[in-house]
Every structure is written in C-alpha cells, then in structure tokens.
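Chemist: Letter by letter, the chains look like this.
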Amino acid sequence: MERPRHQGMAKNTYMRWRLPLVCLLWEVAMIVLFGVFVRFGPEADAHWEEEKREMNLTSDIENDFYFRYPSFQDVHVMIFVGFGFLMTFLKRYGFGAVGFNFLLAAFGIQWALLMQGWFHSFKSGKILIGVENLINADFCVGSVCIAFGAILGKTSPIQLLIMTLFQVTLFAVNEYILLNLLHVKDAGGSMTIHTFGAYFGLTVTRILYRPNLEQSKDKQGSVYHSDLFAMIGTLYLWMYWPSFNSAISEHGDAQHRAAINTYCSLAACVLTTVAFSSMLQKKGKLDMVHIQNATLAGGVAVGTSAEMMLTPYGSLIVGFICGIVSTVGYVYLTPFLESRLHIQDTCGIHNLHALPGLIGGIVGAITAAAATEDIYGKEGFIKAFDFTGTYQTRTPSVQGGFQAAGIVVSLVMALAGGALVGAILKLPLWGDAAAENCFEDGVYWEVPEDEESDAYHMHNPDKPASP
Amino acid sequence: MERPRHQGMAKNTYMRWRLPLVCLLWEVAMIVLFGVFVRFGPEADAHWEEEKREMNLTSDIENDFYFRYPSFQDVHVMIFVGFGFLMTFLKRYGFGAVGFNFLLAAFGIQWALLMQGWFHSFKSGKILIGVENLINADFCVGSVCIAFGAILGKTSPIQLLIMTLFQVTLFAVNEYILLNLLHVKDAGGSMTIHTFGAYFGLTVTRILYRPNLEQSKDKQGSVYHSDLFAMIGTLYLWMYWPSFNSAISEHGDAQHRAAINTYCSLAACVLTTVAFSSMLQKKGKLDMVHIQNATLAGGVAVGTSAEMMLTPYGSLIVGFICGIVSTVGYVYLTPFLESRLHIQDTCGIHNLHALPGLIGGIVGAITAAAATEDIYGKEGFIKAFDFTGTYQTRTPSVQGGFQAAGIVVSLVMALAGGALVGAILKLPLWGDAAAENCFEDGVYWEVPEDEESDAYHMHNPDKPASP
Amino acid sequence: MERPRHQGMAKNTYMRWRLPLVCLLWEVAMIVLFGVFVRFGPEADAHWEEEKREMNLTSDIENDFYFRYPSFQDVHVMIFVGFGFLMTFLKRYGFGAVGFNFLLAAFGIQWALLMQGWFHSFKSGKILIGVENLINADFCVGSVCIAFGAILGKTSPIQLLIMTLFQVTLFAVNEYILLNLLHVKDAGGSMTIHTFGAYFGLTVTRILYRPNLEQSKDKQGSVYHSDLFAMIGTLYLWMYWPSFNSAISEHGDAQHRAAINTYCSLAACVLTTVAFSSMLQKKGKLDMVHIQNATLAGGVAVGTSAEMMLTPYGSLIVGFICGIVSTVGYVYLTPFLESRLHIQDTCGIHNLHALPGLIGGIVGAITAAAATEDIYGKEGFIKAFDFTGTYQTRTPSVQGGFQAAGIVVSLVMALAGGALVGAILKLPLWGDAAAENCFEDGVYWEVPEDEESDAYHMHNPDKPASP
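Chains as they are written, first to last, in the UniProt record's numbering: chain A, 1 to 467; chain B, 1 to 467; chain C, 1 to 467.
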C-alpha cells in the first residue's frame, strides 16, 4: 500500500507496451491508407501551371493557398495552443493537458483528412487535398479537443486515441449528413463541431462516471501560474476565432463578413461574462474559470451564422446572451450536472460548447430563415446559401427548417456515438488511473522531482522534502 | 483591523453591483448604437458581387480582406496577448494585468468602431465597417492599453471602463484633427496612439497620485516566472510590430516598406537596450525590465515614418537611439518622475511610449519634410502623402510643419483629456483599493488558496501555511 | 570563498564594459554598412507604381509582400518565441534562454541581411531588400539559434554575439555554395540551416568542453512550470513549421505543397515520438524532453523535399522515422556523446537538428533523383528544379547527386567553421561562467530576490529564507 499515489496500484496504468502499440499501429495504418488514397489537389500539385491555364487564372495569387493559409495557421494555433493551454488550468495536469491534446490532435488530423476526404474530396479513387482540407481536419479535431475537456484528467492516453478514432469517424458522418444530405450551412461549426463535440464528450464522461472522484478533489483546482498559462489558451482562442469562423467560407465578402461578426460577438461576450462573474459571487470578485471560458461562448454561438448577414449588432446580441448563459452555467449548471446527472465535466464544456453550440444552431436557423434577396442581393442570396442545382428552389424558411434539423441530427449522433464510445472506453483494458490519481501528471509523465510541488507536498507528508 | 490586506477595509472595493451595472450598461448602449448605426461595408456585404462589377474588380482576392486580414490578426494579438502579458510581470497582479486588459480592450474596440466610424466611415447615416475598421479599433484601444500601464495595479475595473470610454472618445477626436484637419500621416500611430496614450495615462496617474504607495512596495516587483510570462508579451509585441506599423498603409509598396523599416528599427533597438542595461548597473547585469520594455521603443519611434522612405539604415539609427533613450529613462527618469513630479508610472510607459512617441513624431516630420519627387517618384510622392484634392499644392516642408503640429495637438489633447478623466476617476465612487492593497489580485479576483504564495506568505506570517 | 555561486569568483563574468562595447560596436557597424549598401527593393520602394507598369502587373496584390508576409510572420515567431521558449526548460536559465536568443537573433538578422544580400540581392552596388530577404535573414539566424541550443547555459552573451557574427558569415558562404554553385534545392533548409547549424554548434560545444560540468548538474533539469514554458516554444515551432518550409518556395503550387507535406510529416512524428518515449523507459512514462523536441524532427527532415512532389504519404513515412530516430537519440546517443566524445549538448540538438537534418538532405536527394516529367508535368518539372539557363540539361539523377554533395559541403563547413569559432570562443576574454555557475541566470541577470527559488534554496542553505 506504499505510495499508491504514484503507482496507481488499484489500477494498472503501466503504458510501456500498450501505448506504443496503439500509436504505432494507428500511424502505420495512416501511412498505408495515405499511400493508397491521398494525393495533392490540383492547386498543390506540380501540374498547377496547366491547371491555371484550364481554369483561366492569370496569377498564382488566385491559388486557394493565399485565400486561406493565414486563416489555416490561426486555426492551427487554436487547436494546439488554444485548446492545449486552456486546459492547463489544473495545478498538476499541465503536461497531460497540453501533451495529450497534442497527441490526439496530431493523430486526429491524419484520420480526419482520410474520413473527410472520402466524403468530400474523392475523385477517381483518390483523395485530393489542399489547404481547405487541412483546415477541415483541424476543425474535426477541434470537436475531439472539446470532448477531451469533459474527461480531462480522468483517462489514459490510449483511451484518448481510441476516442479520437471513433469521434473523428462519427464527426465525418455527421458532417456529411448535415452539409451534403441536409444541405445545411455551418462554416464555423456551431452544430458539427461544438454541439456534436460537446454532447459526445458529455455522454462519454457520463458513462465513465467515477463515484469516488472526490478523492482527487484537492487536485481539481488551479494554482496562480496555472491560471495564467490557461489564459494563453483563452486569448489565442478568443483572438483567432474570427479566423475559425471565416476560414472555409466562400472567397470574398463571406470570409470578410464572418470575421467581423465573430469579432463583434466575442467582444460583447467578454462584458457580460465579467458582469455575471462578479454578480453571481457573494464577494463580487471575478472568477478566472469564467474569464477563461465563458468569454469564448460568443465565438461558438455565431459559428453557423457568422458568414450570413447576421449584422454586427445581431452579433453583439448573440455574444451578450451567451456570456450570460455560459457564466450562469458554470455557477449553477455544472454542480447540478455532477451531483444529479453524474456528469463530471472537468472543463465545463457544457457551458462553453454545448449550450452556446445549440444557441448557435438556432441563431443560424433563424438567420437563414430570415434571409431575403433584398438583404443579400440576387447573386449574394444564391451564393450565400448555395441555392443552385438541386437546391435551386429551396426557400429561406425551408432552409431554416433544415438548419434546425441539423441541430437534432448532431445531437442524436453525439449521444448515440458518445454512448457507444463510452462503453468501449469503460472496458478495463486501457490503463486509466484510479480515482485518487486523477488530475495528476505523475501517472503518465516523468515529472521533475524537486517540484512535485508545494501543492503536492502538502498532502504527501511522508515524502522527504528534498530528493 | 484584521487582515486588511484581503478586505481592503480602508476602502470599499466591493464590486458586486457596481461592476456588473457598468458592464451591462455599456454593452446595452453598444447594442443600441450598433443597431442604429453599424452595417457591413461594401466588401463585407453580401452585395459584394455587384460591388465587384462596379469597381471593375476581376477577382475576390482584390477584397481588402486579403490585403489586411493577416496584419489585423497580428495587431489583435499585440493588443490582447502583447499588452496583456507584458503587464503580468508583477508577482501578484497577473490576473488583473491580463484580465482587465482583456475587459477594457473588448469594450474599447466596440466603442472605437462607433467613434472612429462616425468620423471616417459614415455614409448616408450608417457606419460601414470592414477589416480596416477592425484594425483601427484595435489601434485606438492600444492607446488605452498604454495608459493602463501607468495605473496598473492601482485602479478598479470600473475606473478602467470609465477611462476607456473617455479615452477612446478623445482618441477619435484627436485622430480626426490630425488625419483629417491637419492632413498628417501617422499610419503606425507614434502621435495618435503612443504620444497621446502615454501622456494621457501619465496625467491620469499624476492626478490619482497615492502618497502611501510605499505600503505595497513588496508587491511591485516580479518573481522569476512572472518575468517569463511578461516576455511572452514583449516578444509578441516585438515580432508583430512590423504588422502594426504597416497594417493600414496603402496597398503595395507602402505596406511592404513599413514592415521592413519597423523590422530594422526594432532589431537595432535590442542591441542598444542590452548595452545600456548592462552599462548602467554597477554589477553589469541585465535587467529584465529593460529587456521587456526598452527593446520595443524602436517600433514606437518609427510609427509615423515607417511607411515613408525612411530607408533601412535610417530605421537602424532611430532604433539605436531609442533603445538608449528608453533604457536611460527606466534607470534615471522613472525614479525622478515618481519622487519629484509624483508620477507613479507602474510599467514605465514614459520610457516605452511617451519619449519614443515624441521621437517618432519628430522623425516623421523630418522624413516628410525631406521628401522629394526624386526619392519617391512622381506618382509615389503624391500617393505617399496623399497630395491630392485640397492638398495638391502642399509641399514637403509644409507637410513637415503640419506633422510637427500634430505632435503638439496630441500632447495638448492628452494632457487636457487626462486631467479631466483623472479628476473623474478620483471621485470616491469607483471602488479602487487602498494603498496597501495595490498590486494585489486578491482584491478583485478569486485567487487559488494554496498559492497566495511563497512571495505572499513571507509577509503574512499570521496566515497558516496550508489552508 | 563566500557565495561563489553568485559572483563566479573563479572566472570574471563582469559584463559592464565588455558587453556594451560589443553591442554598440556591432550595431554601429551595421548602421554604416546599411547606410552604404542597403536600399528598398523595387516592391518596397515608392517607385513601385512605375515598377508595376514595367512588370505589367495589374494589381497591388501581386506585390510579393502578399505572397510571403503571413509566412514571414510565422517564421519570425518561430525564431523568437519558438526557439526562445523551447530553451526555457531549464529551471534557472529562462531569462538567458529567451533573452540571449532575443539578443543574438536581433543582431544576427541585420548581419544576415548584409551577408545574404551581397550574395543574392546585390545590384549596381546596392543590396535591394524585400520581404523574402527578411525571411532569409530569419532562416540564417535560425541556424545560430540551433547552435545556441548546444551551448545553452555555458556561454556569456559576448561569446554568443561573436559566434553569431561568424556563424552568419559562414552560413551565407555555405548557402551560396549550395544554392548558386551546386544549384541545390533546399527551401526549408535541412542542409543549410539544420545540418549546418547543428554540427557547427556541436563542434563549438566540443571545443568548449567543460570537464567539471557535473558541478552544476542540479540546475540542468527542469521544474514543472519551466517545462510548460518550453511547450510554448515547441508548439509554435510545430504549428508554424509548414510556413517555415514553404516561406520561400515558388509562388503557387510549391508553397501550397510544401505546407501540406510539412503538416503531414509533423503529425506522424508526434505519434512515433510518444510511442518510443514510453517504450524506452522502464516505467513507461512519457518524458517531456522527447515531447518538447523529437516531435519537431519531422519538420526538419522534410526541409529539403517539402516543396517537391514528396507526396503526403511520403511525408508521413519521413515523420514516422524521424520521431523514432530523434527519441532514440535522446535516450541513447546524447549520454554517449557526452561521456565518450565530450560533446555536452544542452538541448540535444544532435537529435532534433543534426540527425533529422542529415535525413532531410538524403530524402531531398532521393526525391529529386526520382523526379520525372510525368510526375511534375513538363512545365512543373522545369519550375520545380529551376532547370533553366546553364542547368537546362541537368537530369534528376544528376540533381540528386548535387543534392547529396550539398550535405557533404554543409557538414565540412560546419565542422571546420565550428572548430575555428570554438577556438576563438575558448580565449579567456569573453566572461563565461565557471562550471559550477553554469545554467544559472544570476550570473548575467538581475534575478528577483524572493524567488531564487525553491529549487535554489535547497542547495544554498546558508542563504536566509526571506530577504
């Protein structure tokens, strides 16, 4: 019974063979599948000069790379630094937060290139990729990062890799249903990324419910500097969200508009978050948890509608509401979900992604339904909703209906998929830690000896102070 | 009299109703005003296809979005991460630094969109916004972030929101006088942003003078890791400054040139900062305060002239001088200002923004006065200084004179405006902390218990070591 | 013998006159040389309107600025934040890591603009610079940052400035030999930046071998938060590496392709790094050193071939291999190099840059040799390898041979140059610290008193706990 904290005797967290096996297996599979299927799209292929002539382009600047690469890099930062550091707020789980996020995202983007490629970029037996595919792969992985937030600190890296495999698959299916079958617009992913990712993660964490999680309560908080690290994540998510919501919109006005709407929504969201964070506490002091998270809800909630003619003041209203909803969620809903529904949501993704994602879907449906040729212009109207071909005769109100259907489909897929994946992760094979070892990097990481630290020593009196 | 440090008994810092009220009031006003006034500009509006035809543009890539969006995102990072983290150097004020900067900037950009919009983008009763407006709003808020540096740790969030409201207003007026009435060039804002923002902040802090600030002397320093957090801010400001100074320059050569000049000036500035930081200390050791701040002075000082034909070696010279001026300022001027003039300048904005801003204005005036058609080319000359319409006959030397006048106007506006706003902030209504509670996050923030920390415990012996 | 740790009595580390002298001398030389030689290139010059007409360009968007500026900023972040923070992993050398990296890079980019300018942008007695020169200067300095990694914590800032001067010079010569004389392709610098930089640094550290370095062993490790700071560096290098490898490729498909290949290689590299980090440790736990470094090897190793038709699966294979090679290197090679060859490599650049750099050179040679008109298209083939003018008749296999020769030349230049520079740095003039004071910021920096810290106090029992 000595040092159970380190060895997790209650459960076998030994990763030496299992984790390498999964990583290598996954990666070899990627190489084989990429070898069979993935090739450069015409704008990245060395035959581009011929392509240019065919497409009647006069300049290299017309290559999609220059329309989207800056946004791609911003999105990339959001996935790896944004989500990674946002989750470093825990005092003893910084390595896991940023490191496991790194691992799952690096695997996920490869699998997403394949899955999304089969659905959307498959031509004559090959997946042809370009910068837009890279963005979409990052988006897809974003939904896994969101789900990771719910189970942060309670799962092994193997579980995360398994979850990523399944979630990316289901994401691609759900996205295909929404974008192709329902012909729904969702450029910033309120439904496909946030609603789907969050309810998926919440279902998984519900199934992995740990009744004794109280045993690691002392490690579920932050320390002063871990809260500052988390603010790095927050700010990069907040600043680059305009790029996120505009990255795959149509060239020109749609990208431009999506960035402006998102900028406005996020700005408003900060003020109501601060207001309610102070208001809901007896002492009137601000809570870093709210500032780190609820300030971002405005970006989530315009994910569907940002590229539409939501207008700047419409965006402000959405951000205004979501800052309130999200902060109230942190104060009242999260404890309720944990105590009553047994949903242990480490990062509070229900407040940051689930609720704002739903709101975003609804706002998108309303904005679409309210569209008129007057507001968009004749050409703009058709272009904005892609009312061409089969969809030539679809009206805004019908579009609104389909948008609403997209929310429901995303929810169903998330709950069903999350239940399935949760059941798989519950198998006693994957090396997750015992409840008293949750939120503790020492389980899966070599941690520098001399600082297992103030926070740690306090509860570990039998460990000598200097090694 | 127990634990005055925590409760600030001497003053009422209770925010619970006042702060939410101000935030919600401010934000509701924004929504109403945006609803009445703000619409998408032609390049972000869904009627863009028609606009393209009218403007005879052949490709979406001609949308201003693609000329400026990458620079916008860099500027955005400078405002939120750059300024925010630069100010985290204080050992116990990291939450306030990054959090209050977040709050005031998020509010400020909305108000700036309106104020600047009324002056510059007002057409048929509407403010039409695009990516350039977003950049200008960020710029405007930059001047507030600068002023915040002077009063860092000594004001309540309500005071900051009030200051932001007034300072943005005055900024827009001053900017209008300079750019429209005096027809002055100031793309990187040496005058409008730095000179104005810094002297405004210095005036405010002078009026808010706290004779007993010595009581919180122990918290005015840094700790090892807070200095590293601050370096994140420094480096992002330093790296992205070329984007800052080029973001709203004319398309083509002007943006290109502004980036190069700024890059050169900043590089030179680092070397003289290091030289003088070492030289001015008996022990010859480098001081993090100088490296964090004075290295940036070169960017400030080419803010006006970067888009002109300053030339790379001209930029090096400016950077060379400003590294010296700024470092010397930190060593000699800051203590002098505090002891003799009662100007308590937490971040030393006098050395980083005020002096280099003045130098930048002067360099700009000289560079403009020295312009010739030979150097710029016939067309380039007219384009660079916008010598068209009413200004068709203005000569370089006259332009130089107006540039110099711009400095004076900015100074006057800053001093007068700062005095007014300082007087308002001095009213005993806004919940600022007592002198002994300055530079302490615990006043306005929930701070994690177990690390109120090494630095803190030392001076608080009656607090038990483990909670 | 009192407090030798602080004063470095054994050696004179007093910088007060030497460091300022070198900085000012270097900078004055830059100003003079820039004054004589450096001017704006045609795309940054105010005569651009005339240039546009001559080059028959219809839009400002054709200015090279818009093709390359976003990538430039990403590269800039990699050099200053990426390398700077990657090296902050040491518990007591964060100021030195990020601060000295800042200093040497700021000087280096100026000198690189001159050196590379004389070789590549010299026209009618002037060096004409534009955004591509800025990128190349950053690249050149990247090789110095790499070499800095080997000697991190063991050298004075003066030594670093001297090394920068020489290494930039030699870099430019080597680059000229490769790109111009051998007509080798190396857009992402596997050979010119990584192989050259790493073996240069390893040679220097070999010559500066410190037999008693064990005396500062306690400071060679990390603490919890220093490892998180280092992850900031890691992630920015990892995320922006696609920009690094594509920044100076040809407009259009080549930039696009280089970004995709690099993205793929890096993703694969993360998985094999994690696999082998866990596998090679008895306890199966992940080691932050590997995650921080080996995950980046995939970017290094496609530095030459990324812009070629390496294909996504080819990139995955390269990344797969390099994650393994690099991690194995950290576990087995680094200790071997230190104990047997007396190469003390603080950051393990041998594993992150040297070996992957060599692999990158070889992969580039193979990919070039395997090129066919079928794969590239007739025009693409010529464009990709610049088989024009003198090189019109060069075949892919000959090109492959020259590529291989480029590796050898880079190696020879690095070893010879490193030996020379190492010998100069060994002179007892430059103020490096004694062995027991290595890896300690207190030698060259003012360090905040009250946190010379947990880690430090432990070994310094005679120092009172509160100052």
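There may be inaccurate statements among the hints.
Any copy, or any two copies together, can satisfy a pair, since identical chains are not distinguished.
What the hints assert, rightly or not - Calculated lysine-lysine pairs in the DSS-like style (CA-CA distance at most 27 Å, straight line): (1) Lys219 to Lys126; (2) Lys426 to Lys217; (3) Lys378 to Lys217; (4) Lys219 to Lys285; (5) Lys378 to Lys283; (6) Lys52 to Lys378; (7) Lys11 to Lys123; (8) Lys383 to Lys219; (9) Lys217 to Lys383; (10) Lys383 to Lys426; (11) Lys378 to Lys285; (12) Lys378 to Lys282; (13) Lys52 to Lys126; (14) Lys126 to Lys285; (15) Lys426 to Lys52.
For the record, the hints were derived by calculation from the structure and aren't laboratory data.
Chemist: Next step is simple, just say for each hint if it's right about the structure.
Modeler: Hint check:
1. Lys219 to Lys126: neither (48 Å within a copy, 53 Å between copies)
2. Lys426 to Lys217: within (22 Å within a copy, 44 Å between copies)
3. Lys378 to Lys217: Answer is neither; intra-copy 58 Å and inter-copy 65 Å both fail.
4. Lys219 to Lys285: Both. Shortest intra-copy (22 Å) and inter-copy (20 Å) distances satisfy the 27 Å Cα cut-off.
5. Lys378 to Lys283: Close neither inside one copy (55 Å) nor across copies (66 Å); limit 27 Å.
6. Lys52 to Lys378: Answer is between: at 14 Å across copies they meet the 27 Å cutoff, but 29 Å inside does not.
7. Lys11 to Lys123: Close neither inside one copy (48 Å) nor across copies (69 Å); limit 27 Å.
8. Lys383 to Lys219: neither (51 Å within a copy, 58 Å between copies)
9. Lys217 to Lys383: For Lys217 and Lys383, neither the intra-copy (52 Å) nor the inter-copy (61 Å) Cα distance is at most 27 Å.
10. Lys383 to Lys426: neither (46 Å within a copy, 55 Å between copies)
11. Lys378 to Lys285: neither (51 Å within a copy, 61 Å between copies)
12. Lys378 to Lys282: For Lys378 and Lys282, the Cα distance exceeds 27 Å both inside one copy (54 Å) and across copies (67 Å).
13. Lys52 to Lys126: within (21 Å within a copy, 36 Å between copies)
14. Lys126 to Lys285: Classified as neither: same-chain Cα gap 57 Å, cross-chain 39 Å, threshold 27 Å.
15. Lys426 to Lys52: neither (52 Å within a copy, 57 Å between copies)
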